[in-house]
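Engineer: Each chain, letter by letter, is given below.
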Amino acid sequence: MIQTLPFQPEQASTIAKSVDDLYFFLTAITLFFTALIFSIIFYFMLKYRRRSPDERPQAIEGSLPLEVLWTAVPTVLVALIFVWGSTLYFRNSEAPKGSLEIFVTGKQWMWKVEHPEGQREINELHVPLGRPVKLTMTSEDVIHDFFVPAFRVKKDVLPGRYTSLWFEATKVGSFHLFCAQYCGAFHAGMIGTIIVQTPEEYESWLAGGAPGESMEQAGAKVFQANGCPTCHVADGTGLGPSFLGVYGNPVKLTNGQTFTADDAFLRECILQPATRRVAGFAPIMPPFQGQLTEEQLNNLLAYLRALGKAAPPAKAAAAGGGKS
Amino acid sequence: MSTATLEPQPRVRAPLNYLNADYGWRSWLFTVDHKRIALLYLVSITFFFVIGGSFAVLMRIHLTEPQGALVQPETYNKLFTLHGIVMIFFFLIPSIPAVLGNFLVPLMVGARDLAFPRLNLLSWYIYMVGGMFTLYSAVAGGVDTGWTFYTPYSSTYSNTQVTAVAIGVFITGFSSILTGLNFIVTIHKMRAPGLTWFRMPLFLWSIYATSIIMVLGTPVLAITIFLLALEHLFHVGIFSPALGGDPLLFQHLFWFYSHPAVYIMILPAMGVVSEIIPCFSRKRIFGYKIVAFSSVAIAVLGFLVWGHHMFVTGQSVYAGLIFSMLSFLVAIPSAIKVFNWTATLYKGSISYDAPMLYALGFIGLFTMGGLTGLFLAALATDVHLNGTYFIVAHFHYIMVGGAVMGYLGGIHFWWPKISGRKYPNGWAALAAAIIFIGFNLTFFPQFVLGYLGMPRRYAFYPPEFQVLNVMSSAGATVLGVGYLIPLIYLIWSMRYGPIAEPNPWGATGLEWKTASPPPTENFAEIPVVDEEAYDYAPKPIAQPQEAPGD
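For the protein sequence lines, the chains are E and P, in the order given. Using numbering that gives the first Met the number 0, the letters of the first sequence correspond one by one to residues 0 to 323. Using numbering that gives the first Met the number 0, the letters of the second sequence correspond one by one to residues 0 to 549.
One or more hints might be untrue.
[Unchecked claim] Distance windows between CB atoms, simulated:
(1) P:L248 with E:T192: 46 to 54 Å
(2) E:L68 with P:W27: 19 to 27 Å
(3) E:F6 with P:Q66: 19 to 27 Å
(4) P:V316 with E:R275: 41 to 49 Å
(5) E:N122 with P:G140: 28 to 36 Å
(6) P:V138 with E:R130: 36 to 44 Å
(7) P:V299 with E:V82: 21 to 29 Å
(8) E:T192 with P:G140: 31 to 39 Å
(9) P:I321 with E:G247: 42 to 50 Å
[To be verified] Some residues of chain P that are not near chain E, with every Cβ distance over 12 Å (derived):
(10) S53
(11) T159
(12) L483
Quick caveat, the hints were computed from the structure, so don't treat them as lab data. Beta carbons are placed, not taken as given, at the ideal position from N, Cα and C, and that holds for glycine.
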């Protein structure tokens with residue numbers, strides 16, 4: 000059978016088997032119908048081969064029952080596959096709560112990884128066994144694609160946007176990481192290794208890295224260095240909004256729309272503040288497009304995320320509104 | 000039967016036909032005869048096929064070793080890019096419509112030419128200008144974006160000849176639009192008396208459906224390519240986020256044309272198969288109207304599935320859901336066609352001439368190509384297979400196993416009509432078998448490679464993928480030999496082949512009721528049609544009018 004080992008990639012994540020089950024079902028369908036069509040053709044070719052040059056068979060117009068049959072059978076089959084494929088996809092699309100969050104930046108032609116505790120890796124990603132890991136990814140230049148065949152996961156990594164992907168490894172070991180979206184001269188060299196370790200090994204790897212500072216700490220430095228605290232005062236009395244209690248909560252814009260302050264929203268507010276103005280503040284923030292690297296932005300967002308967990312300052316909005 | 004019958008010509012000297020009417024080079028380059036323009040296209044697309052094929056040969060040699068056996072990665076990237084661009088825009092899209100369509104549409108509708116003969120010649124010149132731009136770019140350094148030109152790589156990062164190639168593709172698009180327009184008008188307005196829509200050969204139905212896609216889809220490609228060139232040359236922010244653009248907008252626009260373009264390639268091949276199967280089983284096609292309408296259904300649904308190329312781009316999961324469902328819907332009319340062709344064989348009188356072998360090969364390979372499409376329409380499996388060799392294998396089963404087999408079948412079927420000569424049937428059958436086997440040896444291993452996780456467009460790769468790559472390259476040599484054989488015997492037959500009678504296969508259809516090769520004006524008198532298409536059934540009175548058996 001084709002399912003035997005050399006023809007199957009390793010199954011090393013919680014979803015791998017469910018994807019393979021659908022894959023094998025589809026393979027069975029393909030083999031069945033290919034065999035069916037081929038054998039009918041061969042049978043007819045032999046049985047109805049021309050026996051004399053003036054043979055003139057009677058015409059057959061067609062058959063409504065047959066047409067209905069071979070419309071209905073494929074329809075039912077594809078409906079089944081559609082439901083199966085979509086349910087699985089939906090189940091796999093949302094990262095479970097409490098996933099370990101890791102940040103990935105793609106650039107020609109390497110993968111840069113940053114752990115919340117501050118460890119950095121290039122073309123390697125250490126993850127613990129048996130714990131869901133959520134990757135938040137962006138690109139510094141062109142479109143890349145994060146593909147781990149053993150986990151059956153893949154997601155484009157886009158410049159100017161965040162995409163995410165999650166997996167839970169079920170096997171200790173090293174697995175291929177491929178860039179699966181053509182990205183230039185050394186696209187084929189944009190490969191790396193996912194290293195799955197037992198939780199204990201992973202802990203000691205984290206501790207041994209001697210990272211210096213966490214992403215949140217690095218983000219606080221970016222915040223300071225770019226003059227953000229001048230306006231974004233923590234107690235809500237500055238020219239710009241305080242970030243305490245902002246991340247993950249709804250924000251009202253000057254045009255009346257309400258957005259959730261997530262990575263994508265905050266990124267845009269930092270890089271191109273003119274696009275979306277928060278209600279109650281004067282439009283004085285300069286754009287930071289081109290001023291921050293993707294890693295600085297990642298760290299900054301980690302800092303804002305941490306601030307978001309704090310309680311918002313009392314009457315923050317009122318105080319800010321009074322100023323403008 | 001039609002009123003146009005053949006004057007029994009003594010074969011002492013060849014009667015005047017479109018080929019021997021004039022021999023000067025002007026008579027070819029300034030011709031407005033649809034049959035001569037078809038031959039201009041035949042020569043041009045064969046030229047581009049050889050070029051695109053040579054790129055493929057170099058790629059397959061390169062990939063026999065994991066670190067790459069032949070060229071630098073930059074060069075490899077240019078090879079797969081140009082292979083795709085040349086094969087898709089300069090061979091597959093014009094192949095059946097511009098060669099067989101041009102030759103046959105007026106003959107099949109019983110007209111003396113297409114509706115706009117000068118426009119038809121202009122289409123060929125536009126096609127050649129576009130082709131020259133593309134060849135220039137290949138010589139002047141090449142282009143390395145992949146035939147898909149994804150932004151922002153193509154617009155801001157690649158420093159290769161993106162603009163020259165973009166202009167080439169842009170220009171060639173107009174050739175498609177004009178050809179499509181010409182076919183639509185001809186089929187609507189110039190059908191012979193009695194040739195109602197439901198008496199038309201199915202080839203005309205599929206050319207009609209294809210023309211609609213060409214006319215409606217190609218302008219979108221032109222606009223997209225134009226925007227790409229604007230950003231590449233003048234840094235107008237459309238697609239690049241660094242310039243304030245949207246990186247995925249390009250993919251939406253590009254696939255809005257390029258997915259229907261797949262149907263531009265496959266629908267005409269389906270039309271050819273619908274002609275060949277009835278002729279060589281001497282049976283009316285099973286379920287004529289259903290086969291005809293399924294062509295139209297494929298053309299319409301084909302415009303609504305572009306998002307299935309973007310399941311892993313981070314587009315909304317709900318958009319993914321809709322596009323997945325619509326993609327599955329396209330599978331249904333395709334399946335219906337396969338079943339109807341197979342049913343046509345039932346109780347037929349089947350002969351195994353070369354065109355029939357290609358047509359049966361088409362059914363087999365198209366079935367496999369179509370069924371493997373289900374893996375990619377299903378969201379969960381597409382996530383794993385997208386961007387791998389599985390995709391490469393799938394679309395080659397459709398485009399080479401389907402479209403090229405259909406094209407070769409059509410060339411073999413109508414060659415006696417086009418050239419007035421017969422080719423050696425044994426060689427033709429052998430070539431068909433070699434192509435079928437070589438094709439499977441080349442592309443089947445790529446399904447496995449893709450499932451194992453090898454991404455496409457890799458100039459070098461981890462060593463565990465080597466065995467399957469070597470198998471694929473070995474198969475490609477067989478396939479290459481298979482393609483060379485027809486090239487040789489068809490050229491040979493033009494001079495040395497036995498003279499073909501007007502209807503060597505005993506086929507129905509107006510094109511077989513005139514001489515081989517046809518006179519410049521196609522028919523001495525415009526024929527009148529009083530029968531259904533594929534009227535192969537025994538007719539007591541029609542006996543003397545049947546062509547002599549082969």
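Engineer: State the violated hints by number, sorted upward, taking the hints as numbered earlier in the document.
Structural biologist: Of the numbered hints given earlier, those the structure breaks are 1, 2, 4, 6, 9 and 11, listed in rising order.
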